[in-house]
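Asker: Sequence:
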Amino acid sequence: MCSAKSKSLIFIGLLFSCLEMISSADTGFSMSTYDVTSRSIYLRWPKFSGASSYRVTATAVNTVGHSLLAHFSDVTLKGTLTSLIPNTIYAIQAEAIDKNGFILAETQIMQSTAPDIPVIDQAYSKLSNSITVEWRAVPGATGYLLTAQDGDSFVETVVTDSPGTVTGLKPATLYRITIRSINSGGKSQPSPFRKAKTVLAAPILSVSSLSCDSIAVSWKAVYMAAGFSVSLMRSDGLGRMLKENTTNTSLIFTNLDPGTLYTIKAYAWNVNGIPGDDFTYNQRTSPKAPADVQVSFNSGALRAIVSWMPTEGALTYSVTASRGLLELKCNTSSASCLVPSLQCGSEYYVSVTAYNDAGSSKPTDPVSLKTIPCAPVNISIEEDEPGHLLVSWTSVSFGDYYVVFVKSDDGLEVHCNTSHTQCHFQSDCGFTYFISVFAYNKAGQSPLGDVFNYTTAPCSPEIKNISKEARSVISVHWQSNNEAATYIVTARGEAGLWHCTSSGNSCTLFNIPCGSAFSVSAIAKSPAGQSLPSYSVPLETAPCCPDELMLTQVTQSVTNISWSVGMGAQTYIMTLESPKGQAKCHTLQNYCLLGCITCSTNYTVSLKAISETGLTSSCTYQGYSSSACCPSGVKLFRLSNNGIRVYWRASDERINYNTDLHGSKGNFTCSPSSGLSHCDITEIPCGDVYTVVVSPVTDKGTKLTFCPKRIYSVTCSGSSVGMVIYRGKSNAEQHV
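When you line the sequence shown up against this note's numbering, it's residues 1 to 736, in that order.
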């Protein structure tokens, strides 16, 4: 028996031991897992001061009577719990114990074991870079880890259920396949392995069309291949399929249809006859040469139109016109082509070649093309006797006959047709004759050569056209019929007389007023005298742009525009334009009311003034900025005592606003600081109906007058403001 003193010491020791064990929760003793399998959990913990051993207990949470106890020495800081149940949650408790057997500290975690080990049913390869695995599902597994190992290298992939496929593999390679089940606890151990071999890689084809009826196919050797199978068939499904088996790496298919798209498919097989991946390639045979080539020559433009019958499968055609070492080409996708820039007096040989993505056909047999003769040269004109002109020239190659055209300044033209190199013409005094000589053959007329003139006392000029060069600048063009003559042009109108002088065939009138009508005529002067006036030509200048234009905004979306009258203008088109839209009106008046105006927007202002005959002047004016947008969402709220707060949604924080309240008992105004969207009126009589309007204020302090007006009733609650009731918009606003 123990003495009373010894019993007291034992009690105190037990008390300290209990106190030490209770406080162990604050000692920092902890435990963690670093690996989990189907039947094992791997644990580790830090060394605890004073502990001589560690005790670990694992109890299955949902399984009755299954627990595990393990002891570890003080030098062991890792432990493994084995013989556990797969896919089971365990409560694991670790205790640090001193040499006397007292518990110094303890900690507890919850950990699930991994699912059970799956079993592979079969593993096979359908593609050269993958193996497909099939297995029975494992209870509790949320996924599976497939592993394909080739020596020291391996490829892994996670799938959710069977079957699963491992990709990224090498062709014709034997792999060891294993599978692990996965859940939130971890991964199971690998399953017993299965061996599977990937199939052969596909041969990579190089395909070309050697001719219009053949296709050559070649490829590089494929690893582990014992032979190859290549098939060819029209891509449209017509005809029969051609198939060749070979141990070589090339072959040629012949007797094919020209210009036809074929589908070529090839695969390799191994010594066991198992086929690998296949490779598909589309190849078109080159086209046949076009048939029925026709050449027509355009003599006026020195170019030829070449046409032919389309050939099957041709995508483009190339036409070649050869003359010695010179070649002219024309490319097209149609069945005709224009060969430009031919030279006169030449013979070309024309052929056509068809092309597609496979190559080209043979060129067609050349067709001869003789071009028009060149223009005659060394032309001389002389008046061999009064009233007679002699025109002569030098003969040209490919020229069968010649035609000389003589045209006088009064428009009369005569010609001479001859196989010789000269012609005679009658002439009249006081005329200028323009003489040109052309050569002809079966291809047509030669190009126009030099045009010569021969002039006899001056003739009246003939005004050809009048053109507007710039605002208030008019150019007058006439036919110059006389040598050494000076021409004077006169424009007569209600606005006055304008003159210009020139020795050529045009002159310019400056400072012609807008919106005016004139009659324009010309005379010729020479030492021999002055001609009669030409026929008069009417001239109308474009209407004048209005000098003054005024814009006034009527409502938030309507602007009134007025302008001064433009001389000569009958109608006007007014346009306001911005990136947000365009407003336009067409009117006979000098004012316009434009709607659909967007507030707070910069507009460009332009106006077209149109005369009675349709002449137009485009007028540009200074830009216009529409007014600021009226605020929306205007509401009244009661403040304490007799105060009212007016609130709104501002269209722009930079805009200042002014608030007006009008009632039978008084009018009230407030202006908030910049950036605010509310305004307070501290003293306001109740028992009245108020018209409320919130208006933007311009930079100049002007208040807009067309913003919407709203009506509110302010009732009384005793002597103070009671309810604020919205009554709607005013009648004036509803009719805007």
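Calculated directly from the structure, the hints in this document are not laboratory data.
A portion of the hints provided could be inaccurate.
Unchecked claim - Restricting the straight-line Cα-Cα distance to at most 30 Å, the calculated cross-link-like pairs of lysine-lysine (BS3-like) are:
#1 K468 <-> K584
#2 K407 <-> K464
#3 K468 <-> K525
#4 K126 <-> K47
What you are looking at is a predicted structure, and each value in this text was computed from that prediction instead of being measured.
Asker: Taking the hints in turn, state whether each one holds.
Answerer: Here's how the hints hold up against the structure:
Our distance criterion of 30 Å between C-alpha atoms is met by K468 and K584, whose separation comes to about 28 Å. Distance restraint check for K407 and K464: the Cα-Cα separation of roughly 16 Å lies within the 30 Å cut-off, and the hinted pair is therefore satisfied. Our distance criterion of 30 Å between C-alpha atoms is met by K468 and K525, whose separation comes to about 26 Å. Pair hint K126 plus K47 does not hold up; C-alpha atoms about 55 Å apart against a cutoff of 30 Å.
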